[in-house]
Amino acid sequence: MSPQKRVKNSQTPKRTSRHSNSYQSNLLAWKLKENLSNSKSISKHGQNSTVEDSEHADADELARDALQIAMRYFDKGPFNTPWNKDKTLEKHLKTVENVAWKNGLAPEGIDILLNVALSGKFGSAVNSQILRCMIPATLISEDSVVKAVSWLCAGKCCGSTKILFYRWLVAMFDFIDRKEKINLLYGFFFASLQDDALCPYVCHFLYLLTKKENVKPFRVRKLLDLQVKMGMQPYLHALLSLYKFFVPTLISISLPIKKKIYFKNSENLWKTALVAVRQRNQGLSPEPLKLMLGPANVRPGKRKWNSHSLIPVLSSSSHSKEYGKEGMSLSDYLCSNTPFPVEQLKSFLQLLQNIHCLELPSQMGAVLNNSLLLHYINCVRDESVLLRLYHWLNQTLQEECIWYKVNNYECGKEFTSFLDTIIKAECFLQEGFYSCEAFLYKSLPLWDGFCCRTQFLQLVSWIPFTSFSEVKPFIFDCLAQLFFTSTIYFKCSVLENLKELLQNWLLWLSMDIHMKNVMDNSLETTLSGSMKSVFELIHYVGWLSTNALRLESNSTFLLHFVLDFYEKVCDIYINYNLPLVVLFPPGIFYLALLSVDSSILNQLCYIMHRYRNNLTAAKKNELVLKIKSEFIFSSKTYQEYNHYLTAMVGCLWTSKPFQKGSYFDPEVFKKIGVAKYKTSLNLVHHPALLSYAISFLLKEWTEERTVNLSSIRGKKWNGYLDYLFSEGLQGLKHFIQSSICHSSVP
Amino acid sequence: MAVLRPQDQLPGLNTATILLVGTEDALLQQLADSMLKEDCASDLKVHLAQSLPLPSNVTRPRIDLIVFVVNLHSKYSLQNVEESLRHVDAAFFLGKVGFLATGAGRDSHCSVHRNTVLRLAQAYRSPLLFCDLEVDSFRVSMAQRLVRMLQVCAGHVPGVSALNLLSLMGSSENPSAEGL
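So the sequences go chain by chain: A and B.
So for the first sequence, UniProt numbering puts the first residue at 1; every next one is plus one.
So for the second sequence, UniProt numbering puts the first residue at 1; every next one is plus one.
Bear in mind the hints are in silico, worked out from the structure with no lab data behind them.
Hints may be right or wrong, so weigh each one.
To be verified - In silico SDA-like cross-links for lysine to any residue, where the CA-CA straight-line distance does not exceed 25 Å:
no. : chain 1 : residue 1 : chain 2 : residue 2
1   : B       : Lys37     : A       : Cys452
2   : B       : Lys37     : A       : Ser553
3   : A       : Lys442    : B       : Lys37
4   : A       : Lys472    : B       : Lys37
5   : A       : Lys472    : B       : Ala49
As the list claims (entries may be wrong) - Stretches of chain A that chain B covers, calculated by requiring three or more beta carbons in the stretch to come under 8 Å of a beta carbon on chain B:
no. : stretch
6   : 220-231
7   : 446-453
8   : 477-491
A virtual CB, placed ideally from N, CA and C, is assigned to each residue, including glycine.
Please construct the entire structure, taking both the sequences and the accompanying hints into account.
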């Protein structure tokens, strides 16, 4: 904190109603002086002011002068006869408005205007006009806000102005340079909840401002009273659930967990302006770091980031005050208990050394582009950090989502790259964000299944682990509706991403179980719950796949994706150490077994081989540990597996297909003209392997004129097997070696 | 002025006919154009109507799928659809009716709540699709989906019936654990 700023602070509380005090005239004097000296960039408070660029100097000069005069007018102007001076006022307002929407206003300008707007010197129409054009060039100083709040106490402005002010605060929250002093006024804001008209906006503001230490029993009581008075309003609900999140013990009432959107974004008057500010802030920035671990990512200027990206750039307020000085050593940082600005964070080592005093950026979204900060977020225990990130993500996703702005959906590219960045961050953290899940709830029903398909489906694959049946109506039912009416390519990509989802859940669960094992013994109940959820997911995919294959007339292409999914499923017990074995539905098994594609058959053999390994491992553990686990290893699973196995061996090896279970009347085969149906599905005659058998015969016995397939038996059969294996049918090899006793060569 | 029945006429050879009902003439026309541009093995026919009942003195092919288009920005459009639904035979609701809500993207313009349409679709046990028909790319992908539905409803996808597809699309009907 610079000495001058400190002086400012000490004055702030004393300031009540007069505006011609020393600080403000200081400011203006400074501004004028600077204007005269015509300096191009000012970094007095670490921010660049509105005025820059000498390129279109003349026009700028004029505009700047006009702004100067307007500012002076607002600052101390002749208000004695305000209504006579209507013309002048109008002119000055226009000037300010133009500059604000074009370039934004400097922190000093905002300071002056806030003062004017809330001091009630003009009518409420003028006040609201002023408030509407208060768009920061880059940042807003905290002190201006504190001062403005003090005006609210003076009771000089009417209700609508107050409402507009709170809306402005909410919209600009990210651009306020620091929030400590504002947080000190928490009690005041909280008291404003009494006002019925203000309540929704104050709630939203408090939602952004609340920290854990602000949650007090008396506030909780007050909120609950309000809720009784006003009914279950979404904004009160939001604040209550935030309180509950911070201090669960204080609030015993149950709140619905999954709530979509608490606050309406459509009320944001400054939307377009905010985008401009964000872009402006980006322009001043260094290159964002690539998502990578280690010092390799420090080389600057290597990569050109999309300049119109929606993600703000790292900036912490204290930057370039004390710590900006070059030549300060690391030990200096360590000794001081002052926060370490994130812009200077360049290496993992630095992160480790400063982890206790890291000051997070004023705009939380900036962390998405910074791998080091993602590390920090990953390990920090402070929930409010994640909460801020989630809140920012929620807002941005909703505001930028293409199908909510039908009019100008050209920004589709921007949105796509934004989603890409989120997904990259999720991959990096190996963890899904809850705000993305909430976004999916809201937007999946409206999705056309085409635009941003890759990104959307990837978001699905990063849904954090939850109870499947709980999210099913929101996500998976909508997905099913799209799935069944879309093209085969869409179906394949859905299956691919559901495989990813399964893998993410399994990884998360296997980690979670190891951690829980150490901590508590209540594992049993939660584990069976989680296993149930995974089981339901697999079951759902099985249902999707069976029906998709029917709709797409048993397409081999689709079947590949289905079997890919089951390649994950069959190895859950061994690979993830989770007590779950789920077999595929018959609709998939028989399709694969009777497929004309050798790679499908090969994949099926591999999956059966892995199932066998998993089931035997499970059985062995059961015998060793002497505990019958209540999980999915019912005898039914084994029976089902054995049934499949018999069918496969009967078809491929012993030439006795479908002896048990499904029985076919031999008359049927006679009718359709397959006399020797028994052998027609064995390794030689199987439609998928027939071509192998023929080329085997042609290769080994080149002189033969006719090809006699039934001659492959005995020794020749073994040779044929070796030939098949050498052709790359490794799955078949594993299956035969593990499941078939070799003495039984026919 | 008769009630529309699915089995009134014999199906035409390799023909699939869809009837789009809604007050938004221009949008329906565009949607129909997009559908006809789709590459499809069946012979596609698209009929448009402002409302039901259809005039009875015209010969028309058998209708395989009726899609009611509701514009969420206009209460009248919803009323019109509700009126028209009375002139549809119950047998149609075995998978040959769909609802399409347009305009959901612009929340602020909506005068009909999404849940109202959702309830309507649930009451008639029919699928509800959302799509902003004003946007070209969305309309094209919706046309694609409708064509696929139509092919099933016309019986051109072997092994799958309209009722079957309906049961797959219905969100309330969950697959039971033993159902496979």
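Right, here's what the structure says about each hint:
1. Of the pairs offered as hints, the one joining Lys37/B and Cys452/A holds, with about 23 Å between alpha carbons and a cut-off of 25 Å not exceeded.
2. Annotation: proposed proximity of Lys37/B to Ser553/A holds, straight-line Cα distance about 24 Å (limit 25 Å).
3. At most 25 Å may separate the alpha-carbon atoms for a hinted pair to count; Lys442/A and Lys37/B exceed this at roughly 31 Å.
4. The straight-line distance between the Cα atoms of Lys472/A and Lys37/B is roughly 35 Å, outside the 25 Å bound, and the hint therefore fails.
5. As the CA atoms of Lys472/A and Ala49/B are separated by approximately 36 Å, the hinted pair breaks the 25 Å bound.
6. Three residues within the 8 Å Cβ limit are the bar, and the stretch 220-231 of chain A against chain B gives 0, so the coverage statement is violated.
7. Using a Cβ-Cβ cut-off of 8 Å, 5 residues of the stretch 446-453 of chain A lie near chain B, which meets the minimum of three, so the contact claim holds.
8. By the rule of at least three residues with a Cβ nearer than 8 Å to a Cβ of chain B, the coverage given for the stretch 477-491 of chain A holds, with 9 such residues.
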